[in-house]
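Undergrad: Sequence:
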Amino acid sequence: MKELHYLNKYFIKYKYRFLLGIIITIVAQIFSLFIPKLVSKSMNIIDAYIKNPISDTSVIKKELIISLGLIIGATVIAGFLTFLMRQTLIVMSRYVEFDLKNEVFQQYERLSQSFYKRNRTGDLMNRISEDVGKVRMYVGPAVMYTINTFIRFAIVIIYMYNVSPKLTLYTILPLPLLSYFIFKLSVEINKRSRIYQENLSTLSSFSQEIFSGIRVIKAYALEGQNQKGFNGLAQESRDKNMSLAFVNALFGPLMILLIGLSNLVVIYFGGMMYVDGSIENIGTIAEFILYVNMLTWPVASIGWVSSLVQEAEASQKRINEFLKIEPEIKNNNPNHDSIQGSIAFKNVSFTYDDTNIQALKNISFEVKKGETLAILGKTGSGKSTILSLICRLYDVENGSITMDGKKLADLNLHDLRNSIGIVPQDAFLFSESIKNNIKFGKEDATDEELIEAAKKSVVHDNIINFKNQYDTVLGERGITLSGGQKQRVSIARAIIKNPEILLFDDCLSAVDTETEEQILNNLFEICKNKTTLIVSHRVSSAKNADKIIILEEGEIIQQGSHFQLLNQEGYYKELYLKQLSEKELS
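With the numbering used here applied, the sequence shown corresponds to residues 1 to 586, in that order.
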């Protein structure tokens, strides 16, 4: 139960609703206990008439009608109070579910980039949905039925004992047996349910990856192979579910059997006691039968509730594993910072923990506010790593990165990232309208600002040719658009934000040279008073930059302006001549 202690703060938060639910539960149980008493009274009236028949039956009819009315009234009130009980305790569990899901989601947002490299999306989704759902069952039904069980058991046993202590003993004898069998069955249900949930998580992760990579699968004609893989996992999931369903199917019949045995005990021993005069009224037997049926579910629910608690314990443990993780990137400064945008790297080295690859080695450069730096180099030379470090997606291990003369780690993290507009190498768009994807950079942007940003990124003409224009809803990850269109929408999203720093990570690789030239002309106009870093494989994207650095295996091998580098033998000049000849041939 120690993992579930984490939820105590929610019980405290909703303490008034929780206490009100307990009070309503007590009152509901009191009203429900009127029913066996009234049924017993009605049976005694009939029994008395059978023993001593009278000609005027109107008095008996009147008493029976009154009893019937009272039974109906007590039933309606008990039912209404039970409804209110569920409205307080079950609804409280929904509030807790809402809060816990938000807490998990906020933690997901806080966790660092490396966390998402170590964990699969399907598993993350399963924890925020399936696991939180299991926890809700503990906070709601498990807690409610536990309270209901203790209150009903205490009240009913007292009532029964006051009527007949001996018959009470006979009545409760089968109940521990019922509770034991239900408990053993619930443990087995819990075991098989946990196995099924783990298998379901694997199936979800497999499906998510297939849907995300469906274009690659179709391109390589791997549908059949993946179908076999899915069929295997689905069949395993079906087998686990059928195993669980088999045990679940035993639950109802077992309860009916044990309830029937309890009723037989009451009828037999109650009948014998009525015959020998230990019980004066026949209605007492009917009263006890109703008491037995009232006690059966609370006793049976002990096993079911224990199963819910075990499942919730396992799920909360999985949730706590993530909630207890401290993000590697923390906001060390709660005070707001005004970011101007001057950036300096001093002897910066960086190694990725998950792969142990050293991406940067002793890198030093400086970019002043309003300057543009272009970074060129082969794939894997460390270009994108520099942009990730500026955004503080990772922290440096050696050397220092300063912005406006302050260490990056000492700046307010929110202000830092809010001052940056980044266009990643893999343009990611949401399954929203094009308008909302661009306004993601500035939610309160006007339509004029929206269109202006699209024009500067040379995507406006494409958008207005769509049937719904800017209201066109994109598929997952922007699949509706071409690669070049996605990159240009991403550029518009960064432009509309109007940040102090712009980072472009090879964001023109999917556009033709003519469109690239138009975008670059617009960008250099926009970037006049901004700090800009452009990562590219093309000289055309870098030639107008104030400074250019060339990376190779994480080290700077060349740096200078376009003309300075053309006058040097090396990577830049070779790349320039190669791309120039390719352009002439095309």
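No wet-lab data here; the hints were simulated from the structure.
Errors might be hidden in some of the hints.
[What the hints assert, rightly or not] Here are the simulated DSSO-like pairs of lysine-lysine, each with C-alpha atoms no more than 27 Å apart in a straight line:
(1) LYS407 / LYS368
(2) LYS117 / LYS191
(3) LYS117 / LYS455
(4) LYS15 / LYS346
(5) LYS497 / LYS543
(6) LYS317 / LYS330
(7) LYS378 / LYS117
(8) LYS368 / LYS528
(9) LYS378 / LYS547
(10) LYS2 / LYS37
(11) LYS191 / LYS317
(12) LYS442 / LYS369
(13) LYS467 / LYS368
(14) LYS9 / LYS117
(15) LYS530 / LYS368
(16) LYS543 / LYS369
(17) LYS455 / LYS467
(18) LYS361 / LYS573
(19) LYS368 / LYS37
(20) LYS378 / LYS228
(21) LYS346 / LYS578
(22) LYS62 / LYS346
(23) LYS317 / LYS9
(24) LYS317 / LYS184
(25) LYS346 / LYS324
(26) LYS361 / LYS547
(27) LYS368 / LYS578
(28) LYS330 / LYS442
(29) LYS62 / LYS41
(30) LYS378 / LYS330
(31) LYS406 / LYS378
(32) LYS324 / LYS15
(33) LYS317 / LYS361
(34) LYS378 / LYS2
(35) LYS324 / LYS406
(36) LYS13 / LYS41
(37) LYS228 / LYS218
(38) LYS361 / LYS378
(39) LYS61 / LYS37
Undergrad: Now tell me, hint by hint, if it's right for this structure.
TA: To see whether the hints hold, each was checked on the structure:
1. This hinted pair checks out: LYS407 and LYS368 have alpha carbons roughly 15 Å apart, not beyond 27 Å.
2. Using a Cα cut-off of 27 Å, the hinted pair LYS117 and LYS191 is violated, with the two alpha carbons roughly 30 Å apart.
3. A threshold of 27 Å between alpha carbons decides the hint, and for LYS117 with LYS455 the separation of about 36 Å lies outside it, so the pair is violated.
4. Proximity of LYS15 to LYS346 is assessed by CA-CA distance (about 55 Å); at most 27 Å being required, the pair is judged violated.
5. In summary, the hint linking LYS497 to LYS543 is supported, as the alpha carbons are separated by about 25 Å, within the 27 Å threshold.
6. At most 27 Å may separate the alpha-carbon atoms for a hinted pair to count; LYS317 and LYS330 meet this at roughly 24 Å.
7. For the proposed pair LYS378 and LYS117, the alpha carbon gap of about 23 Å is at most 27 Å, so the pair holds.
8. As the CA atoms of LYS368 and LYS528 are separated by approximately 12 Å, the hinted pair is consistent with the 27 Å bound.
9. Between LYS378 and LYS547 the CA atoms are separated by roughly 18 Å; this keeps the pair inside 27 Å, and the hint holds.
10. For the proposed pair LYS2 and LYS37, the alpha carbon gap of about 43 Å is over 27 Å, so the pair is violated.
11. A threshold of 27 Å between alpha carbons decides the hint, and for LYS191 with LYS317 the separation of about 16 Å falls inside it, so the pair holds.
12. Of the pairs offered as hints, the one joining LYS442 and LYS369 holds, with about 22 Å between alpha carbons and a cut-off of 27 Å not exceeded.
13. Straight-line distance between C-alpha atoms of LYS467 and LYS368 comes to about 44 Å, which puts the hinted pair past the 27 Å bound.
14. Distance restraint check for LYS9 and LYS117: the Cα-Cα separation of roughly 31 Å exceeds the 27 Å cut-off, and the hinted pair is therefore not satisfied.
15. About 9 Å separates the Cα atoms of LYS530 and LYS368, which keeps this hinted pair within 27 Å; it holds.
16. With a C-alpha separation of about 19 Å, the suggested pair LYS543 and LYS369 falls inside the 27 Å cut-off, and the hint holds.
17. At roughly 18 Å between alpha-carbon atoms, LYS455 and LYS467 fall within 27 Å of each other, so this suggested pair holds.
18. Between the alpha carbons of LYS361 and LYS573 the distance comes to roughly 23 Å, so the proposed pair stays at or under 27 Å and holds.
19. Proximity of LYS368 to LYS37 is assessed by CA-CA distance (about 88 Å); at most 27 Å being required, the pair is judged violated.
20. Straight-line distance between C-alpha atoms of LYS378 and LYS228 comes to about 39 Å, which puts the hinted pair past the 27 Å bound.
21. Between LYS346 and LYS578 the CA atoms are separated by roughly 32 Å; this puts the pair beyond 27 Å, and the hint is violated.
22. With a C-alpha separation of about 98 Å, the suggested pair LYS62 and LYS346 falls outside the 27 Å cut-off, and the hint is violated.
23. Restraint check: the Cα-Cα separation between LYS317 and LYS9 comes to about 16 Å, which is no more than 27 Å; the hinted pair holds.
24. At roughly 23 Å between alpha-carbon atoms, LYS317 and LYS184 fall within 27 Å of each other, so this suggested pair holds.
25. Our distance criterion of 27 Å between C-alpha atoms is broken by LYS346 and LYS324, whose separation comes to about 34 Å.
26. Taking the CA atoms of LYS361 and LYS547, the gap is about 20 Å. The hint holds against a cut of 27 Å.
27. Proximity of LYS368 to LYS578 is assessed by CA-CA distance (about 31 Å); at most 27 Å being required, the pair is judged violated.
28. A hinted pair counts as satisfied when its Cα atoms are at most 27 Å apart, and LYS330 with LYS442 qualifies at roughly 24 Å.
29. Only pairs whose Cα atoms come within 27 Å are accepted, and LYS62 paired with LYS41 is accepted, the gap being roughly 13 Å.
30. In summary, the hint linking LYS378 to LYS330 is not supported, as the alpha carbons are separated by about 32 Å, beyond the 27 Å threshold.
31. Proposed proximity of LYS406 and LYS378 is contradicted: the alpha carbons are some 31 Å apart, above 27 Å.
32. For the suggested pair LYS324 and LYS15, the alpha carbons sit about 25 Å apart, so the restraint of at most 27 Å is met.
33. Proposed proximity of LYS317 and LYS361 is contradicted: the alpha carbons are some 40 Å apart, above 27 Å.
34. A hinted pair counts as satisfied when its Cα atoms are at most 27 Å apart, and LYS378 with LYS2 does not qualify at roughly 52 Å.
35. Of the pairs offered as hints, the one joining LYS324 and LYS406 is violated, with about 30 Å between alpha carbons and a cut-off of 27 Å exceeded.
36. Distance check on the hinted pair: LYS13 and LYS41 sit about 45 Å apart at the alpha-carbon level, beyond 27 Å; violated.
37. Annotation: proposed proximity of LYS228 to LYS218 holds, straight-line Cα distance about 15 Å (limit 27 Å).
38. Taking the CA atoms of LYS361 and LYS378, the gap is about 15 Å. The hint holds against a cut of 27 Å.
39. Pair hint LYS61 plus LYS37 holds up; C-alpha atoms about 18 Å apart against a cutoff of 27 Å.
When the structure is compared with the earlier hints, violations turn up for hints 2, 3, 4, 10, 13, 14, 19, 20, 21, 22, 25, 27, 30, 31, 33, 34, 35, 36 and for no others.
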